[in-house]
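Visitor: Next come the chains, spelled out residue by residue.
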Amino acid sequence: MKNIKTIYIFGIFIALALVQLFVPAQMIWGREKVINEGVSYKFKARPVDPSDPFRGKYITLNYELNSAETEDTLWTRNEDVYVELNKDSLGFATVSKVSRSKFEVSDDFVKAKVRWYNSNEHKVNFNLEFDRYYMEESKAYDAELVYTESLRDSLPENDTYAIVFIKDGEAVLADVMINEMSIKDYVEKE
Amino acid sequence: MNSKLIKELPELVRNDIISDEVSKNIQKYYEGKAVASPNKLFIIFGVLGAALIGIGILLILAHNWDDFSRSIKTIIAFVPLVIGQLCVGYALLKKKGKAWKEASGTFLFFGIGISMALVSQIYNIPGDFGTYLLTWVVLSLPLIYVLKSNSLALLHVVFLTYYSCEYGYGLGSYNPSPWLYFPLLLAVLPFYFNLLKQDATKNMVAILHWILPLSSVIVMGAFIKTEWEFLPLIYIILFGLIYNIGCSAILKQERLRRNGYLVLGSLGTVILLLIMSFKDLWKELSFEFLMDTQEFYVVAALFVMAISVMLFSDNRSKEEQSNLFKYVFIAFSILYFVGITSPGVATIGVNILVFALGIIAIKKGTDNQHFGVLNYGLLIITTLIICRFFDTDLSFVIRGLLFVIIGVGFFLANYIMLKQKNRKEIMK
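Line order of the protein sequences matches chains D and F. Residues in the first sequence are numbered from 1 upward in steps of one, following our numbering. Residues in the second sequence are numbered from 1 upward in steps of one, following our numbering.
With the rest of the complex left out, here is chain D (with noise of 0.2 Å):
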């Protein structure tokens, strides 16, 4: 009777073990899909270095790709905006045009935050959600001092961009370029 309860608190156990494994493993998995699959598109950012308790360093990203001309005067702040993508002829996104509902024909969209609604310019503005760039602890900082000095060097402005995977609504950041090195790279460098 004992032995069948073990069996049983056991067999549970294996059931727990499996979702505990099955939620990392599938957040990896959806990423290396988009990675594989999906478009890559270049976004202009300026990089901030905030941190996290346990999961480390990161810098934010602001993009410069953060507001859309649309005739939907409704948008309230925190509500999910779809932005369709399209890519200049040097690979950076720009708007197509914002959804309230996700695409249906077009893949190469994501899904964004709206922050306020401008209705003078009949723009709303947005934030990507892909913002987040972990870095190595020590080079979270430079990387942002980096930035601030390669705008002083009268570099061509906004050297600094994003590479972002696209692929279904999904986006996966796969690295951060500054002076077409990445700034991992970069930072060391410097």
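It should be emphasised that the hints constitute simulated quantities derived from the structure, not laboratory data. Fair warning: there could be bad hints in the mix.
Claimed, not checked - The calculated lysine-lysine pairs, modelled on DSBU-like cross-linking and capped at a C-alpha distance of 30 Å, are:
#1 F:252 - F:364
#2 F:73 - D:44
#3 D:87 - D:33
#4 D:42 - F:73
#5 D:5 - F:40
#6 F:225 - D:123
#7 D:5 - F:98
#8 D:33 - D:97
#9 D:184 - D:5
#10 D:5 - F:94
#11 F:95 - D:5
#12 D:189 - D:42
#13 D:167 - F:73
#14 D:87 - D:102
Unchecked claim - What follows is a list of derived Cβ distance ranges for each label pair:
#15 D:64 - F:280: 41 to 51 Å
#16 F:5 - D:11: 43 to 53 Å
#17 F:72 - D:8: 56 to 66 Å
#18 D:64 - F:387: 48 to 58 Å
#19 D:11 - F:322: 30 to 40 Å
#20 D:4 - F:226: 48 to 58 Å
#21 D:64 - F:41: 51 to 61 Å
#22 F:72 - D:4: 40 to 50 Å
#23 D:4 - F:8: 42 to 52 Å
#24 D:175 - F:387: 58 to 68 Å
Here the structure is a predicted model, which is why all the values come from computation and not from measurement. From the three backbone atoms N, C-alpha and C, an ideal C-beta is built for every residue, glycine too.
Since the structure of chain D is provided, determine the placement of chain F on it from the hints.
Guide: For chain F alone, kept in the frame of chain D given last:
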């Protein structure tokens, strides 16, 4: 203490205080206990060790080592999780003791957090910290029941509170309320009740008696979003609820230091009432009483809960029936509505309430010969008087005299009670 008792047993037998058999039984009882206690220490150190190692690994990995490739990082993400799972699996299959289960469970708890943290880093997953904590808490919740683990129950409540604060408290009024706090807290209650039923004397039970009410006090503010005028009302009812839980039949027998409900409920009520005893505060509360708000529903739900707990608490003795601490939340709720139209009346009412609570605590202290409660009552009245110095225009002479009187009062009350106690002991 026990060894001292055992040493005195032969003398007690010699003087015919206890029989030989009773002496042997006492000896046997303490011997049995002695065998169990090293195990207890082992459990504590095991859990502490596992928790520290887990947090350590978590922090080391938070460095975000650039030198490892994505695939190596992915593998590392699963190592602590799998090790934890193997240990827990082994403990379950081999029916290992409590120490094994508690320690391996604690390590697995942190293993879950580590794996998700690392995956977030590798793929720059933007999800905020609150969502991360929530996933962590949910994934480890069933472990409490699978392992019957005390430490996991404690970790669950602590991390659930952490999550609710991350999620619910924030800048701006658009922060959502952490409603999931309630079902996730309820989920640990069957374990808590079971523990109470099995052995209410365990230290772990006392820790939970403190942690659970404390958690609710910390989180409750996250449900107030726009109607901040409701804050004092919500908290006074919450403290009333907590206090009444502390008065329930099971908890009433506990010693004061083990009954966190009673202590927190009483202290919270008194402190909040003292704050609300200032006239200016009532004047500045711009009352525009809105019924159809989230805050009003929270008030209503808490009130119903507090009243029901109060009715079911131990009301048999006369002392309990006249215990104002139990009803003070009702009185304050009425005053609160009175305050909408006449703040002056509400201020006076609150002052009378605090004064009455002080007197009742003093009386309770003297009746039960409890110095702690007696001085608590004196302290309440002293603080009330000090508070009144700020908003009334008394001359320095009167203020000085009042302090002297309070000082003498403190001294006399304690002295008289000490004398009484000594006399009673001599008479016995």
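Visitor: Against each hint, give a clear statement of whether it holds in the structure.
Guide: Status of each hint after checking the structure:
| no. | hint | in the structure |
| --- | --- | --- |
| 1 | F:252 - F:364 | 15 Å, holds |
| 2 | F:73 - D:44 | 28 Å, holds |
| 3 | D:87 - D:33 | 21 Å, holds |
| 4 | D:42 - F:73 | 25 Å, holds |
| 5 | D:5 - F:40 | 25 Å, holds |
| 6 | F:225 - D:123 | 29 Å, holds |
| 7 | D:5 - F:98 | 17 Å, holds |
| 8 | D:33 - D:97 | 25 Å, holds |
| 9 | D:184 - D:5 | 53 Å, violated |
| 10 | D:5 - F:94 | 13 Å, holds |
| 11 | F:95 - D:5 | 11 Å, holds |
| 12 | D:189 - D:42 | 23 Å, holds |
| 13 | D:167 - F:73 | 24 Å, holds |
| 14 | D:87 - D:102 | 19 Å, holds |
| 15 | D:64 - F:280: 41 to 51 Å | 49 Å, holds |
| 16 | F:5 - D:11: 43 to 53 Å | 47 Å, holds |
| 17 | F:72 - D:8: 56 to 66 Å | 38 Å, violated |
| 18 | D:64 - F:387: 48 to 58 Å | 55 Å, holds |
| 19 | D:11 - F:322: 30 to 40 Å | 55 Å, violated |
| 20 | D:4 - F:226: 48 to 58 Å | 55 Å, holds |
| 21 | D:64 - F:41: 51 to 61 Å | 60 Å, holds |
| 22 | F:72 - D:4: 40 to 50 Å | 42 Å, holds |
| 23 | D:4 - F:8: 42 to 52 Å | 49 Å, holds |
| 24 | D:175 - F:387: 58 to 68 Å | 60 Å, holds |
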